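K.L.:
Produce the entire structure from the sequences given, and follow the hints as far as they go.
Numbering (the numbering used here), first residue to last: 1 to 792.
Since the hints were derived computationally from the structure, they do not count as laboratory data.
Mixed in with the good hints there might be a few duds.
Within a straight-line C-alpha distance of at most 35 Å, the following computed DSBU-like cross-link-like pairs (lysine-lysine) qualify [as the list claims (entries may be wrong)]:
hint	residue 1	residue 2
1	Lys270	Lys247
2	Lys382	Lys693
3	Lys270	Lys382
4	Lys701	Lys734
5	Lys573	Lys693
6	Lys484	Lys701
7	Lys251	Lys270
8	Lys382	Lys39
9	Lys247	Lys199
10	Lys231	Lys267
11	Lys165	Lys199
12	Lys251	Lys267
13	Lys734	Lys693
14	Lys484	Lys734
15	Lys231	Lys251
16	Lys199	Lys267
17	Lys165	Lys39
18	Lys39	Lys423
19	Lys231	Lys247
20	Lys247	Lys267
21	Lys267	Lys693
22	Lys578	Lys199
23	Lys484	Lys693
24	Lys199	Lys270
25	Lys573	Lys701
26	Lys423	Lys484
27	Lys578	Lys484
28	Lys231	Lys199
29	Lys693	Lys270
30	Lys578	Lys423
31	Lys270	Lys231
32	Lys165	Lys267
Keep in mind that this is a model prediction, so the values were computed, not measured.
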Amino acid sequence: MSIAPDSAAAGHPADRHDLIRVQGARVNNLRDVSVEIPKRRLTVFTGVSGSGKSSLVFGTIAAESQRMINETYSAFVQGFMPTLDRPDVDLLDGLTTAIIVDQERMGANSRSTVGTATDANAMLRSLFSRIASPHIGSPQAYSFNVASISGSGAVTTERGGATVKERRSFSITGGMCPRCDGMGSVTDIDLTQLYDDSKSLAEGALTIPGYTPDGWAVRIFTESGFVDPAKPIREFSEPELREFLHKEPTKVRINGINLTYEGLVPKIQKSMLSKDVEALQPHIRAFVERAVTFTSCPECGGTRLSAAARSSTIGGVSIADACAMQISDLAEWVRGLHEPTVGPLLLGLGALLDSFVRIGLGYLSLDRSAGSLSGGEAQRTKMIRHLGSSLTDVTYVFDEPTVGLHPHDIESMNELLLRLRDKGNTVLVVEHKPETIAIADHVVDLGPRAGSAGGQVMFEGTVAGLRASDTLTGRHLDDRAGVKPAVRVPTGSLPVRDARDHNLRGVDVDIPLGVLVVVTGVAGSGKSSLIRGSVSGRDGVVTVDQGAIRGSRRSNPATYTGLLDPIRTAFAKANGVKAALFSANSEGACPVCNGAGLIFTDLGVMAGVTTVCEECEGKGFQAAVLEYRLGGRDISEVLGMSVEAAEQFFASDAGRVPAAHAILSRLADVGLGYLTIGQPLTSLSGGERQRLKLATHLAEKGGVYVLDEPTTGLHLADVRALLGLLDRLVDSGKSVIVIEHHQAVMAHADWIIDLGPGAGHDGGRVVFEGTPAALVANPVTLTGQHLAAYVA
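P.N.:
Next up, the structure:
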């Protein structure tokens, strides 16, 4: 792919107005970083995970752009917007409007679909409202988010200078299914999973996550007067049980506070079931899966739409049928419509759908729940919004846009990035894949390592200059891996028969055990459907997927992994005091900042301010707690250690804590030795969070490990360490199944199962089973062709 050189890209001095200048950036681990980034060019930021790429691109440049845009609004409007702190940087010059296209999931609203998250559904509704038969109304008549209602109300009008009040009837025709309220499914709640009816509410009868006896969620029941909090639930009369479970929202006053009381069932439905289950926090998701049964709505068949909306068709195709089509097929259907009255609409809709196909998402359907998309799919769906935009001279910021992409699809992604650049935009990309680094006009490499050992600019310039440099990225840019000369012999097999999840076509396959198996195929070929649908969930199978790690700004690696528990216990035992003192979320918390270490000041309609707590100097603990020591260190000093330093400390005679050392060893094994064990989870990159999750699962007892793209967020130099970890797992007697696109992992496999040949209904079949050497020798599949080129 050729890139036209110009003065900036070729290394010649650029006019200062054609540069984004950063001077003295100190966000997270950045060490007074200063860079000059050419505008209207494609700049790729490289470096190991945790080196400071995201801190520079997202935490500094994009954050300041968004903060400055927010400041252009009135103080009143700013009061309704999130508070953004100014990044710790001396100078930021030449910024343009930043549009962030990241890997965050697309929200927890279960009403959000691929179609509603883009303009596709809106355009389809307009199309059907114009030419479908029978005609049923405006576009909202085809929307599952708009209910049909009718009624009357008082209207005040002026007639002949006099004010007249009269009642008028109104009606709104929406497309929402009245049975399921447009959700597509109905729920059946198992009441035995909500409470223990042998106990009273005061005794802690409720077994719902977050419903503690002293919390407001329970107090509103015990103090409302509608039910007797001291009576076991099984002794409630029928009216009491109805008040407790199903009462309509009612205003109550408790301890001088105005609150709304409603029955437990609607309360659960609104707080937990209105969100996509995939996006819930793990412990709440486990509760919902245990307590709630979801079934397809019997009235609308899961389409979410009313009978009228389903009856209106174009050539026999309803809007429900259109949304259920694979997008590549829907694009063909739209191209086959010839109706001059809606010509521009058909052209726009066709172009939008073609963008899905070009970006590698043609296998999706518009009715696919947005919350079910992977991080990579979500990022590419967001990208769809911007491809047709008429905006120019803006800054697009991407976080590893190749995540989840087969090597065959990366070229298409590269073309889209270049299209955005060629429209006159600045494109900033955080990326590890050499195929995308290769198309950059400009490269900024951070390092030399991660965490406190990173945060410096190691190289700025062209790709050729990076390749010739002696940086870690430069040395590994052309890394290639050969197939193994000898592979392991399986100890058995895990049979899968007649797998039909999603697009799978009755797949029969025997997955070898006791070896490293890599499952490959283009995005949408059926890899995840095969493994998650037929392998994950079996006894002895431990699955590490790409689900986001959720936690507040108080959460950190020590709390997430359970590391803090043995540490607190060791401090308590060594000092003869309670373990709760050594938690910043419990009795040991600083009384001024409540253990946060920071003071968050709300300035009303103005931007809030975050400052370090002067009482504890940011440590989060009471001064008295810091008097207690373990091996000469106080609790804040221990939480300030890196994983590597803490691992050594808890193995030493002074601070020996075997349980803590075991957890820290697993963190080091997955390449997180540089992390500070007490740093907030919110400061971790996507790759760091993925490996943190993997480290916690390594402790689980299971014979089979399933890993979903473990190279996500990994630098080229770290892939070799990952392969070593996978080898250690297999050599310890585990079976490892990896869903992966990275050719180095494919080449290192003992056995490859390749799905395809394409995506969606063009995939769903096993197109190759065998060793990597056999696939390279006869590269009949797309995966085989790319692997053969890679190892060559």
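K.L.:
If a hint holds in the structure, say so; if it doesn't, say that too.
P.N.:
We went through each hint and held it up to the structure:
Simply put, Lys270 and Lys247 have alpha-carbon atoms about 14 Å apart, close enough for the 35 Å limit, and the pair holds. Restraint check: the Cα-Cα separation between Lys382 and Lys693 comes to about 26 Å, which is no more than 35 Å; the hinted pair holds. Between Lys270 and Lys382, the direct Cα distance comes to roughly 27 Å. Compliance with the 35 Å bound is thereby established for this hinted pair. Note on Lys701 and Lys734: the hinted pairing holds, with a Cα-Cα distance of about 10 Å set against a maximum of 35 Å.
A C-alpha spacing of about 29 Å is found between Lys573 and Lys693, which places the hinted pair at or below 35 Å, so the restraint holds. Restraint check for Lys484 and Lys701: the C-alpha separation of about 29 Å stays at or below 35 Å, so the hint holds. Note on Lys251 and Lys270: the hinted pairing holds, with a Cα-Cα distance of about 17 Å set against a maximum of 35 Å. The hinted pair formed by Lys382 and Lys39 meets the criterion: a straight-line CA distance of about 22 Å does not exceed 35 Å.
Pair hint Lys247 plus Lys199 holds up; C-alpha atoms about 21 Å apart against a cutoff of 35 Å. The straight-line distance between the Cα atoms of Lys231 and Lys267 is roughly 21 Å, inside the 35 Å bound, and the hint therefore holds. Only pairs whose Cα atoms come within 35 Å are accepted, and Lys165 paired with Lys199 is rejected, the gap being roughly 55 Å. Taken as a hint, the Lys251 and Lys267 pair is honoured in the structure, with Cα atoms around 14 Å apart against an allowance of 35 Å.
Between Lys734 and Lys693, the direct Cα distance comes to roughly 18 Å. Compliance with the 35 Å bound is thereby established for this hinted pair. This hinted pair checks out: Lys484 and Lys734 have alpha carbons roughly 19 Å apart, not beyond 35 Å. Between Lys231 and Lys251, the direct Cα distance comes to roughly 23 Å. Compliance with the 35 Å bound is thereby established for this hinted pair. Between the alpha carbons of Lys199 and Lys267 the distance comes to roughly 20 Å, so the proposed pair stays at or under 35 Å and holds.
About 60 Å separates the Cα atoms of Lys165 and Lys39, which puts this hinted pair outside 35 Å; it is violated. With a C-alpha separation of about 12 Å, the suggested pair Lys39 and Lys423 falls inside the 35 Å cut-off, and the hint holds. A threshold of 35 Å between alpha carbons decides the hint, and for Lys231 with Lys247 the separation of about 18 Å falls inside it, so the pair holds. For the hint pairing Lys247 with Lys267, the CA-to-CA distance comes to about 10 Å; that is within 35 Å, so the pair holds.
Of the pairs offered as hints, the one joining Lys267 and Lys693 holds, with about 31 Å between alpha carbons and a cut-off of 35 Å not exceeded. For the proposed pair Lys578 and Lys199, the alpha carbon gap of about 30 Å is at most 35 Å, so the pair holds. Restraint check: the Cα-Cα separation between Lys484 and Lys693 comes to about 29 Å, which is no more than 35 Å; the hinted pair holds. A C-alpha spacing of about 25 Å is found between Lys199 and Lys270, which places the hinted pair at or below 35 Å, so the restraint holds.
Between Lys573 and Lys701 the CA atoms are separated by roughly 29 Å; this keeps the pair inside 35 Å, and the hint holds. Taking the CA atoms of Lys423 and Lys484, the gap is near 45 Å; set against the 35 Å cutoff, the hint is violated. Taking the CA atoms of Lys578 and Lys484, the gap is near 54 Å; set against the 35 Å cutoff, the hint is violated. For the hint linking Lys231 to Lys199, the alpha-carbon distance of about 8 Å falls within 35 Å, and the restraint holds.
A hinted pair counts as satisfied when its Cα atoms are at most 35 Å apart, and Lys693 with Lys270 qualifies at roughly 29 Å. Annotation: proposed proximity of Lys578 to Lys423 is violated, straight-line Cα distance about 63 Å (limit 35 Å). With a C-alpha separation of about 27 Å, the suggested pair Lys270 and Lys231 falls inside the 35 Å cut-off, and the hint holds. For the suggested pair Lys165 and Lys267, the alpha carbons sit about 38 Å apart, so the restraint of at most 35 Å is broken.
In the structure shown, a violation is registered for the earlier hints numbered 11, 17, 26, 27, 30 and 32, in ascending order.
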